[in-house]
Amino acid sequence: MRKKIIIPLFGNEVAPRFDLATEVLVISLELQSGEREEKTMVLPQASSEQLCHLALTEGAQVVICGGIEEEYFRYLVWKKIQVFDSMMGSWESAFDSTISKTL
Amino acid sequence: MEKSLIKNIKNLAASTISIDDILDKIPLGISLIDKNRRILLVNRSFEALTGFIRTDVLGYPCWQVLRCRHCIKDCPVLRMGKNTENACIESDIINKDRQLIPIRLNTAVLKNQDDEIVGFIETVEDLRPIRELDSKISQAFSFSQLIGRSPQMEKIYQILPIFAQSDSSVLITGETGTGKDMVAEAIHQASSRAKSPFIKINCGALPENLLESELFGHQKGAFTGAIETKPGRFRLAHNGTLYLTEIGDLPLTLQVKLLTFLDDQIIHPVGSTTGFQADVRIIGGTHRNLEKMVRDGQFREDLLFRLNVVRLHLPPLRERQGDCRLLMDHFLNTLNMKLSKRIDGFSADTLAILNNYPFPGNVRELKNIIEYSMNICQEGKLNTEHLPAYILESDTQPEGFNDFSRHERKHPKLEPEAADHHKDRQTWPDRERKLIMDALLETSGRRNEAADILGWGRSTLWRKMKQYQIS
Chain A
1 MRKKIIIPLF
11 GNEVAPRFDL
21 ATEVLVISLE
31 LQSGEREEKT
41 MVLPQASSEQ
51 LCHLALTEGA
61 QVVICGGIEE
71 EYFRYLVWKK
81 IQVFDSMMGS
91 WESAFDSTIS
101 KTL
Chain B
1 MEKSLIKNIK
11 NLAASTISID
21 DILDKIPLGI
31 SLIDKNRRIL
41 LVNRSFEALT
51 GFIRTDVLGY
61 PCWQVLRCRH
71 CIKDCPVLRM
81 GKNTENACIE
91 SDIINKDRQL
101 IPIRLNTAVL
111 KNQDDEIVGF
121 IETVEDLRPI
131 RELDSKISQA
141 FSFSQLIGRS
151 PQMEKIYQIL
161 PIFAQSDSSV
171 LITGETGTGK
181 DMVAEAIHQA
191 SSRAKSPFIK
201 INCGALPENL
211 LESELFGHQK
221 GAFTGAIETK
231 PGRFRLAHNG
241 TLYLTEIGDL
251 PLTLQVKLLT
261 FLDDQIIHPV
271 GSTTGFQADV
281 RIIGGTHRNL
291 EKMVRDGQFR
301 EDLLFRLNVV
311 RLHLPPLRER
321 QGDCRLLMDH
331 FLNTLNMKLS
341 KRIDGFSADT
351 LAILNNYPFP
361 GNVRELKNII
371 EYSMNICQEG
381 KLNTEHLPAY
391 ILESDTQPEG
401 FNDFSRHERK
411 HPKLEPEAAD
421 HHKDRQTWPD
431 RERKLIMDAL
441 LETSGRRNEA
451 ADILGWGRST
461 LWRKMKQYQI
471 S
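Chains as they are written, first to last, in our numbering: chain A, 1 to 103; chain B, 1 to 471.
Just so you know, the hints here were simulated from the structure itself, not pulled from any lab data. Cβ atoms here follow ideal geometry from the backbone N, Cα and C, with glycine treated the same way. One thing to keep in mind: the hints can contain errors.
Listed next, the in silico DSSO-like pairs over lysine-lysine satisfying Cα-Cα at most 30 angstroms (straight line) [claimed, not checked]:
1) Lys79(A) <-> Lys101(A)
2) Lys79(A) <-> Lys155(B)
3) Lys4(A) <-> Lys257(B)
4) Lys466(B) <-> Lys3(A)
5) Lys155(B) <-> Lys73(B)
6) Lys82(B) <-> Lys96(B)
7) Lys367(B) <-> Lys200(B)
8) Lys4(A) <-> Lys39(A)
9) Lys155(B) <-> Lys367(B)
10) Lys25(B) <-> Lys35(B)
11) Lys257(B) <-> Lys39(A)
12) Lys73(B) <-> Lys39(A)
13) Lys195(B) <-> Lys338(B)
14) Lys3(A) <-> Lys79(A)
15) Lys257(B) <-> Lys200(B)
16) Lys220(B) <-> Lys80(A)
17) Lys101(A) <-> Lys96(B)
18) Lys96(B) <-> Lys73(B)
19) Lys367(B) <-> Lys341(B)
20) Lys73(B) <-> Lys4(A)
Label pairs and their computed distance ranges (CB to CB) [what the hints assert, rightly or not]:
21) Glu291(B) <-> His53(A): 51 to 57 angstroms
22) His53(A) <-> His313(B): 36 to 42 angstroms
23) Thr274(B) <-> Gln61(A): 55 to 61 angstroms
24) Pro197(B) <-> Glu70(A): 51 to 57 angstroms
Residues from chain A shown here face chain B by an in silico Cβ test under 10 angstroms; the list is partial [stated by the list, open to error]:
25) Lys4
26) Glu13
27) Val14
28) Leu20
29) Gly34
30) Glu37
31) Glu38
32) Tyr72
33) Phe84
34) Ser86
35) Met88
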């Protein structure tokens with residue numbers, strides 16, 4: 001079973017603000033084998049709406065982010081996407097801790 | 001380094017005081033960060049605002065915790081050097097409760113005894129209460145302290161917030177008493193610089209040399225009597241607004257200096273070898289016609305063009321339809337409270353006079369007239385006798401306002417001569433003698449009819465005829 005995870009980035013870290021992130025990391029993780037594929041996408045402009053749209057079109061099940069407004073949080077949850085917000089530090093550590101929770 | 005920073009603050013008083021305790025008592029979000037922008041300390045208000053508890057965020061980069069828009073796009077801390085003054089910006093954060101909160105962020109450098117940067121202090125102010133208040137205020141017929149509901153003023157209310165949000169230089173023109181100073185202050189209060197100083201200086205009030213020192217400051221020993229370094233108004237207004245009132249009276253030499261500042265934002269105090277980068281918004285105000293002054297060579301054209309980025313002309317009171325009555329009632333109410341009086345309002349005659357008066361001194365003059373009248377009036381309504389004498393003597397007084405006018409209306413034939421009276425500058429006895437003679441001639445010497453024309457009793461006419469030796 002594969003899981004798609006989206007992490008808005010600020011350099012090497014999780015972007016502090018969902019609405020201001022212009023770079024997004026899309027991770028495709030094979031749960032059984034632990035195999036993962038990563039791709040980075042650069043958005044033409046920072047926008048919460050675009051990021052939500054990206055999460056839907058990519059078929060993501062999980063979003064790991066920093067600060068996100070309630071409106072977009074609820075929207076993603078309504079779309080059956082698990083959101084882990086207020087995450088800090090490098091995206092790798094955030095990813096590891098989130099995956100251990102989701103698993 | 002971080003530990004020593006906290007320790008030094010702890011040792012500020014004779015006995016050790018916990019810095020946490022001090023900061024927790026301040027109702028403003030405060031965070032201390034090190035040179036690498038990692039959080040050393042936050043207070044309770046900061047925790048409340050961001051939603052993070054201090055133990056969870058110590059050592060984390062401040063941008064991950066505060067999550068301010070400017071942290072990501074244009075961090076003010078990154079621009080700070082040893083000699084940089086405080087930076088104040090308006091921005092927003094998203095807190096842990098997923099709320100977008102407008103904030104005002106103030107950042108300052110912390111230095112040790114060797115003048116080296118050891119960290120920064122950030123204060124975060126929640127602007128939500130202010131924004132709510134702003135929306136309530138904007139519903140009334142006023143903006144800041146400006147009052148009026150005329151179409152001209154409504155246009156100004158609509159455009160002022162837009163001007164306030166920009167950082168461009170503003171030139172406010174208008175007759176004396178139209179409220180240029182109030183508009184300048186309103187622009188400052190509605191701008192992102194509201195928390196920083198609003199400094200006002202009258203360019204016409206000081207001699208040239210003093211004005212230069214007052215505006216740009218001076219170094220100690222720059223000239224005789226300069227016994228200490230003076231910062232100057234530009235430096236005092238750093239991060240804020242400098243309002244140059246009567247900018248048309250600014251001497252030409254200082255106009256050049258101001259021009260230089262508007263170009264490169266650097267001020268050079270008198271006698272100083274180094275400049276100071278001042279982040280100041282300039283607002284100029286004048287009742288003069290600057291275009292005409294430019295043509296006459298009294299004002300620099302290039303300075304006018306630089307100041308004229310945003311121009312605001314305030315209409316005189318006589319052109320503000322309906323505002324006169326609104327302002328009269330406003331001043332009556334405020335002065336009733338201030339003077340502890342209970343004046344009910346204005347009599348019909350008073351209203352007629354004030355409505356027809358041109359108010360060359362505009363709102364200021366109207367306020368002074370109301371204040372004068374309220375001081376004279378003890379109770380009831382403000383009547384014509386309470387108004388200052390000069391208004392009653394004004395040419396613009398309405399007909400039928402006093403007895404003399406009524407008399408003139410009753411006897412229109414006398415009016416041309418009444419006008420001649422002013423031209424010939426006759427004395428009243430001469431004039432009265434002529435009136436009696438004319439009335440007697442008109443009635444062919446019949447005294448009863450002549451007395452009627454003059455509006456006098458028969459005995460009065462007889463007495464006056466005797467006085468002027470008319471037989």
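Structure-based check of each hint:
no.: 1; hint: Lys79(A) <-> Lys101(A); verdict: 20 angstroms, holds
no.: 2; hint: Lys79(A) <-> Lys155(B); verdict: 46 angstroms, violated
no.: 3; hint: Lys4(A) <-> Lys257(B); verdict: 62 angstroms, violated
no.: 4; hint: Lys466(B) <-> Lys3(A); verdict: 122 angstroms, violated
no.: 5; hint: Lys155(B) <-> Lys73(B); verdict: 35 angstroms, violated
no.: 6; hint: Lys82(B) <-> Lys96(B); verdict: 33 angstroms, violated
no.: 7; hint: Lys367(B) <-> Lys200(B); verdict: 22 angstroms, holds
no.: 8; hint: Lys4(A) <-> Lys39(A); verdict: 11 angstroms, holds
no.: 9; hint: Lys155(B) <-> Lys367(B); verdict: 23 angstroms, holds
no.: 10; hint: Lys25(B) <-> Lys35(B); verdict: 25 angstroms, holds
no.: 11; hint: Lys257(B) <-> Lys39(A); verdict: 56 angstroms, violated
no.: 12; hint: Lys73(B) <-> Lys39(A); verdict: 24 angstroms, holds
no.: 13; hint: Lys195(B) <-> Lys338(B); verdict: 29 angstroms, holds
no.: 14; hint: Lys3(A) <-> Lys79(A); verdict: 15 angstroms, holds
no.: 15; hint: Lys257(B) <-> Lys200(B); verdict: 18 angstroms, holds
no.: 16; hint: Lys220(B) <-> Lys80(A); verdict: 70 angstroms, violated
no.: 17; hint: Lys101(A) <-> Lys96(B); verdict: 19 angstroms, holds
no.: 18; hint: Lys96(B) <-> Lys73(B); verdict: 20 angstroms, holds
no.: 19; hint: Lys367(B) <-> Lys341(B); verdict: 16 angstroms, holds
no.: 20; hint: Lys73(B) <-> Lys4(A); verdict: 29 angstroms, holds
no.: 21; hint: Glu291(B) <-> His53(A): 51 to 57 angstroms; verdict: 54 angstroms, holds
no.: 22; hint: His53(A) <-> His313(B): 36 to 42 angstroms; verdict: 48 angstroms, violated
no.: 23; hint: Thr274(B) <-> Gln61(A): 55 to 61 angstroms; verdict: 59 angstroms, holds
no.: 24; hint: Pro197(B) <-> Glu70(A): 51 to 57 angstroms; verdict: 37 angstroms, violated
no.: 25; hint: Lys4; verdict: 23 angstroms, violated
no.: 26; hint: Glu13; verdict: 7 angstroms, holds
no.: 27; hint: Val14; verdict: 8 angstroms, holds
no.: 28; hint: Leu20; verdict: 5 angstroms, holds
no.: 29; hint: Gly34; verdict: 28 angstroms, violated
no.: 30; hint: Glu37; verdict: 27 angstroms, violated
no.: 31; hint: Glu38; verdict: 22 angstroms, violated
no.: 32; hint: Tyr72; verdict: 8 angstroms, holds
no.: 33; hint: Phe84; verdict: 13 angstroms, violated
no.: 34; hint: Ser86; verdict: 5 angstroms, holds
no.: 35; hint: Met88; verdict: 4 angstroms, holds
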